[in-house]
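Residue-level listing of the chains:
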Amino acid sequence: MDQFLTTLTSILNSAISPQTAALAIAAIGLNIHFGYTGLLNFGQAGFMLIGAYAFAISIIGGLPIVLAVLIALVAATIFALILGIPTLKLRGDYLAIVTLSAAEIVRMVGRSSLLTNVTGGSNGITGNEYRGPFTDLSFFGDGHIDFGPWSYDATGSNGWWFIATAWLVVALLCLFVWAIMRSPWGRVLRGIREDEDAVRALGKNVYSYKMQALILGGVIGAIAGIVYILPASLQADSMGRSMTYFIFTALLLGGAATVFGPVLGAIVFFAIRLFVQGVAGQFVPSNIMNGQQTEQFAWIVIGITLMLVVIFRPQGILGNKKELSFDVK
Amino acid sequence: MSSDVPTTTSTITAAGAAAKASVAGVSPTPGVAKPDPILTVDHVTRRFGGMTAVDVQHLEVQRGIITALIGPNGAGKTTFFNLITGFDKPSSAPKLIGGPKAGEAAKSSFNGNEVGNIGATKVAKKGMVRTFQLTKALSKLTVLENMRLGAKDQPGENLLVAIVKPLWAKREAEITAKAEELLARFKLLEKKDDMAGSLSGGQKKLLEMARALMSDPVMIMLDEPMAGVNPALTQSLLGHIQALRDDGMTVLFVEHDMHMVRHISDWVVVMAEGKVVAEGPSGTVMDDPAVIDAYLGAHHNTDLGDDSLLTDEVAEELAAEVTAEEGKA
Amino acid sequence: MRVWRLIATIMLILTGVILALSLGASPAQAATAPPLTAAPCATDDATGCLQGTIKLPNGDPAVGIELAITGADLDTVAVTGDDGKWSQAITVAGPYTIELDTSTIPDGAVLDSNAKNPATVTGALNKNTGYIFKIVGGTTADDGTTTQTPTAAAGTGITFDRFLQQLVSGIRLGLLLALAAVGLSLIFGTTGLSNFAHGEQVTLGGLLAYLFANVLGLNLILAAIISVVICAATGYFQDALIWKPLRRRGLGTTQLMIVTIGLSIALQYAFQYFLGASTVRIDQANPVTVALGPVTLSAQSLISMGIAVVIIALVGFVLVKTRIGRATRAVSDNPSLAAASGIDVDRIIRLVWTSAAALAGLSGVLLGLVLNGVNWQTGLQLLLLMFAAITLGGLGTAFGALAGAMIIGLVVELTNLVLPGDFKYATALVILILVLLVRPQGIFGRRERIG
Ligand SMILES: Nc1ncnc2c1ncn2[C@@H]1O[C@H](COP(=O)(O)OP(=O)(O)OP(=O)(O)O)[C@@H](O)[C@H]1O
Ligand SMILES: [Mg+2]
Numbered sequence: 046m047d048q049f050l051t052t053l054t055s056i057l058n059s060a061i062s063p064q065t066a067a068l069a070i071a072a073i074g075l076n077i078h079f080g081y082t083g084l085l086n087f088g089q090a091g092f093m094l095i096g097a098y099a100f101a102i103s104i105i106g107g108l109p110i111v112l113a114v115l116i117a118l119v120a121a122t123i124f125a126l127i128l129g130i131p132t133l134k135l136r137g138d139y140l141a142i143v144t145l146s147a148a149e150i151v152r153m154v155g156r157s158s159l160l161t162n163v164t165g166g167s168n169g170i171t172g173n174e175y176r177g178p179f180t181d182l183s184f185f186g187d188g189h190i191d192f193g194p195w196s197y198d199a200t201g202s203n204g205w206w207f208i209a210t211a212w213l214v215v216a217l218l219c220l221f222v223w224a225i226m227r228s229p230w231g232r233v234l235r236g237i238r239e240d241e242d243a244v245r246a247l248g249k250n251v252y253s254y255k256m257q258a259l260i261l262g263g264v265i266g267a268i269a270g271i272v273y274i275l276p277a278s279l280q281a282d283s284m285g286r287s288m289t290y291f292i293f294t295a296l297l298l299g300g301a302a303t304v305f306g307p308v309l310g311a312i313v314f315f316a317i318r319l320f321v322q323g324v325a326g327q328f329v330p331s332n333i334m335n336g337q338q339t340e341q342f343a344w345i346v347i348g349i350t351l352m353l354v355v356i357f358r359p360q361g362i363l364g365n366k367k368e369l370s371f372d373v374k
Numbered sequence: 204m205s206s207d208v209p210t211t212t213s214t215i216t217a218a219g220a221a222a223k224a225s226v227a228g229v230s231p232t233p234g235v236a237k238p239d240p241i242l243t244v245d246h247v248t249r250r251f252g253g254m255t256a257v258d259v260q261h262l263e264v265q266r267g268i269i270t271a272l273i274g275p276n277g278a279g280k281t282t283f284f285n286l287i288t289g290f291d292k293p294s295s296a297p298k299l300i301g302g303p304k305a306g307e308a309a310k311s312s313f314n315g316n317e318v319g320n321i322g323a324t325k326v327a328k329k330g331m332v333r334t335f336q337l338t339k340a341l342s343k344l345t346v347l348e349n350m351r352l353g354a355k356d357q358p359g360e361n362l363l364v365a366i367v368k369p370l371w372a373k374r375e376a377e378i379t380a381k382a383e384e385l386l387a388r389f390k391l392l393e394k395k396d397d398m399a400g401s402l403s404g405g406q407k408k409l410l411e412m413a414r415a416l417m418s419d420p421v422m423i424m425l426d427e428p429m430a431g432v433n434p435a436l437t438q439s440l441l442g443h444i445q446a447l448r449d450d451g452m453t454v455l456f457v458e459h460d461m462h463m464v465r466h467i468s469d470w471v472v473v474m475a476e477g478k479v480v481a482e483g484p485s486g487t488v489m490d491d492p493a494v495i496d497a498y499l500g501a502h503h504n505t506d507l508g509d510d511s512l513l514t515d516e517v518a519e520e521l522a523a524e525v526t527a528e529e530g531k532a
Numbered sequence: 138m139r140v141w142r143l144i145a146t147i148m149l150i151l152t153g154v155i156l157a158l159s160l161g162a163s164p165a166q167a168a169t170a171p172p173l174t175a176a177p178c179a180t181d182d183a184t185g186c187l188q189g190t191i192k193l194p195n196g197d198p199a200v201g202i203e204l205a206i207t208g209a210d211l212d213t214v215a216v217t218g219d220d221g222k223w224s225q226a227i228t229v230a231g232p233y234t235i236e237l238d239t240s241t242i243p244d245g246a247v248l249d250s251n252a253k254n255p256a257t258v259t260g261a262l263n264k265n266t267g268y269i270f271k272i273v274g275g276t277t278a279d280d281g282t283t284t285q286t287p288t289a290a291a292g293t294g295i296t297f298d299r300f301l302q303q304l305v306s307g308i309r310l311g312l313l314l315a316l317a318a319v320g321l322s323l324i325f326g327t328t329g330l331s332n333f334a335h336g337e338q339v340t341l342g343g344l345l346a347y348l349f350a351n352v353l354g355l356n357l358i359l360a361a362i363i364s365v366v367i368c369a370a371t372g373y374f375q376d377a378l379i380w381k382p383l384r385r386r387g388l389g390t391t392q393l394m395i396v397t398i399g400l401s402i403a404l405q406y407a408f409q410y411f412l413g414a415s416t417v418r419i420d421q422a423n424p425v426t427v428a429l430g431p432v433t434l435s436a437q438s439l440i441s442m443g444i445a446v447v448i449i450a451l452v453g454f455v456l457v458k459t460r461i462g463r464a465t466r467a468v469s470d471n472p473s474l475a476a477a478s479g480i481d482v483d484r485i486i487r488l489v490w491t492s493a494a495a496l497a498g499l500s501g502v503l504l505g506l507v508l509n510g511v512n513w514q515t516g517l518q519l520l521l522l523m524f525a526a527i528t529l530g531g532l533g534t535a536f537g538a539l540a541g542a543m544i545i546g547l548v549v550e551l552t553n554l555v556l557p558g559d560f561k562y563a564t565a566l567v568i569l570i571l572v573l574l575v576r577p578q579g580i581f582g583r584r585e586r587i588g
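As they're listed, the protein sequences go chains A, B and C. So the numbering used here is basically just the index in the first sequence, starting at one, shifted up by 45. So the numbering used here is basically just the index in the second sequence, starting at one, shifted up by 203. So the numbering used here is basically just the index in the third sequence, starting at one, shifted up by 137.
Check each hint, because a few of them may be wrong.
[Unchecked claim] BS3-like mimics (lysine-lysine), calculated; alpha carbons at most 25 Å apart, straight line:
#1 Lys134(A) with Lys395(B)
#2 Lys134(A) with Lys329(B)
#3 Lys298(B) with Lys134(A)
#4 Lys395(B) with Lys368(B)
[As the list claims (entries may be wrong)] Here are a few chain C residues that face chain A, going by a calculated C-beta distance under 7 Å:
#5 Ile402
#6 Phe524
#7 Leu566
Simulated from the structure, these hints should not be mistaken for lab results. Please read these numbers as outputs of a predicted model, since none were measured by experiment. The beta-carbon is built from N, C-alpha and C at its ideal position, and this holds for glycine as well.
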């Protein structure tokens, strides 16, 4: 029973943690790419990393926090342009391969020993070096706040201040996505997802729309990167290819091309993982499966879940079968 | 000429007579100059590997009339459509280095604009809108959304405007009204909230044509518009196409149904093996022994009213579409 | 009901893979093969750490270097892990002697002649004490004398000899890459699927060879053959149990691609489940090197390259000269046309999956021998290069994949001449992006029909 309570608590904690919010934000961005426009961006983690580096390095360089965020967004925009210009006129597979590669390049360059002075190399940058200005903005005071099953410091890293801002960003972005996707602009994107030649024949500049979508989703990815590192530290390897895969898993779990799908998906993603880990830890004797292995077992289950979701419920939890974004014949 | 018009359909309008009259004096030879050409094409060739799919040295399309483009399967009609609407590039397009000689480079001008090298979007924006032989209905958009997507001048298609609904709501209401009117004419109004993917093959053709008309094109190019549409509806749509012509629109269409070609076209262009082999008023061309040999076959005149011809056509068409669909999977 | 059959089969496959691995992996702990990861060392009031990172001349971490550490109550051997790091916890402050076992340095490199070996350091509690051994390019003769490659700064200078060495390494990587990429390309060509789990097929080959050769103690060649056969079987059953039913269900290629991503995640963690993050060696013996003029290669590298050349030539021959090969190319070209002309498309696809998995497995075995180690992400790291290779060559064309693989292999290794090792993959990917700008359909690709 104790074990069960521990698992439940950790699921509840993960449900509201800034890390979950960050995954949700990244998935919201990817939803604009993949869910609404049909762009196969396999480098969303690269956008996160670009945003994270730009933000952290700007703060360490002494810039005010607003400017640092702005620089992160501009950096993501430039990254999107570099990726989009050569590929958005080509078939979708090429964007997939180029984004995958580019995200990997960002990670390799970021962790390169040549840049240790700037990016911290493979050790990365510790949170204390860039967290200060954000913590200073807090008006939550210094105490400790209990709220329902949750109990955190008001401001300290991983405290309520971080949680509240992260989820506020999530809420604002959901509102934004809802507003633009019901508009004619969103309609053009969905048209492109279905058949870009048809949309081109109607006189819409498909290339420009795809670029706008790539930039917008990428910029949201950069925001996710900032939210992700604020309560933690910045390490290039934590935003690698696996991260992109996890973002995809969360998006598809929740439901692509829906407003709340990415958010729900991110929460469910962590919940499944912790649940499996908890159950395996409790019921399987440790000589068969040790602590390390329960964690890996949970990831195996995540992988299989992704397969099963895509096969049997491609519209995810929230999606409508008729509107799902895949080409299902 | 009057013997060509079956008694079952609309009478000749004054505008219709005028359209026929405008090309009455033109000699029926391939590549002949027209009194008021809206589209002029020069030296357009397209090779796939060793095979020349299209080789049109000169062709003019008269403004304000209905021109039919006929020819055997594989004659290059669709490829020719792709080339003039900017979906494909002529092999003879001018290049920076090593292109064709100055006088022999591909050139096409539409309504006073050079459209040879500007891409599909811009061609459509100039008012030359096309449909596709293999329908491109946007399956996971509703029929009404498909229609709205076709409309021009939508402020809401700009991302910055899209966020604020009041800025585009008025135009949206206008185009919705127009869409419903067109849908009613194409007998699709009760389907307006269905997903386009759920329509039948013929309904998709109709939707695509209606969608193209949403942008008030100067010239509409239809690639086998009536393939798979039932005879009764074909009749009423033919009337509709003639009405468009009477309002001043130019129509260029590809069709294998000689009944229909004879019925509504003011001018016929015949392609075989990539070349324009004959053109002229429908009666003249269809009596041309070369055309009969190459394409129509000896009995074309006697069998026109026969339903079995139509059924074969439809069957073939469907077979082709099924193969294409399978190819995609 | 087919739904449940599918779930059941997927589960079954994974359980099978997991079981197969567990059979071999559990005794591994007891067997002689030491896991090559450095035990993490954390300092506290009673503990201090001796540690360091050893890098190869090209900047890559030097894996599996052994250091004998003696002093106070300690007499032990530390081994560098995947990241080239080694560490040793100490409980007594004082002087320690560290001696690097030069025979564990990979071929093509030697200890810098200025380096002290053994070296003496003074360890302290609650503190990390670092010591760095510098490895430079050079060769070791049979009698143990070393010749250091005369470069001012190893890793950056371009000499003709170094160029030749990297050129040969590039060809080696290109060949192994080609083996794996050809299958990926054929799968893409015949089914339209980008298989993101293809990297794991490579890893599987390497790990199976380790299992048979090392844990079960079979003869290396026999172990390699068994591994490849098992890999082929995984390809066959994958298509029979997963991909064919899914094609029947009418899943789109994007959907299928994401299914392969799920499979890739599951397999990666399944590998880790049994092996942890450690790197294992297929062949425990120290590599014998062969010098060909200025170029030094391990015997294993040479043999692997030979095998790769033969197999690639064989694949090319089959594709061009045999009926089955022509049928395969016809299916790649236009599946519905091929079906209409009487080719059994499903059978061809089954064959493609089987041989693609076998080739990937072989590539994994050879890679494990050449790099002198495999771990759970060996194939994962290769996947991007494979994608780059087949994109470069033109998606779906088998010969394009071969050419693309050679180009990528050469680019990756030659990059080392001018840039530190961190960048070698990056350059390959940059080149890919540049090529796409100029020739979007790849070197051998064709454009598609519209309308
Ligand atoms: N992308 C392509 N690659 C290779 N060949 C092509 C391509 N597109 C068209 N072709 C070839 O060009 C020729 C002309 O094709 P096209 O589709 O233009 O014929 P069509 O006149 O429209 O025929 P149909 O009446 O059957 O629609 C055909 O032989 C076709 O095989
Ligand atoms: Mg055609």
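Does the structure break any of the earlier hints, and which numbers would those be? Number 1 only.
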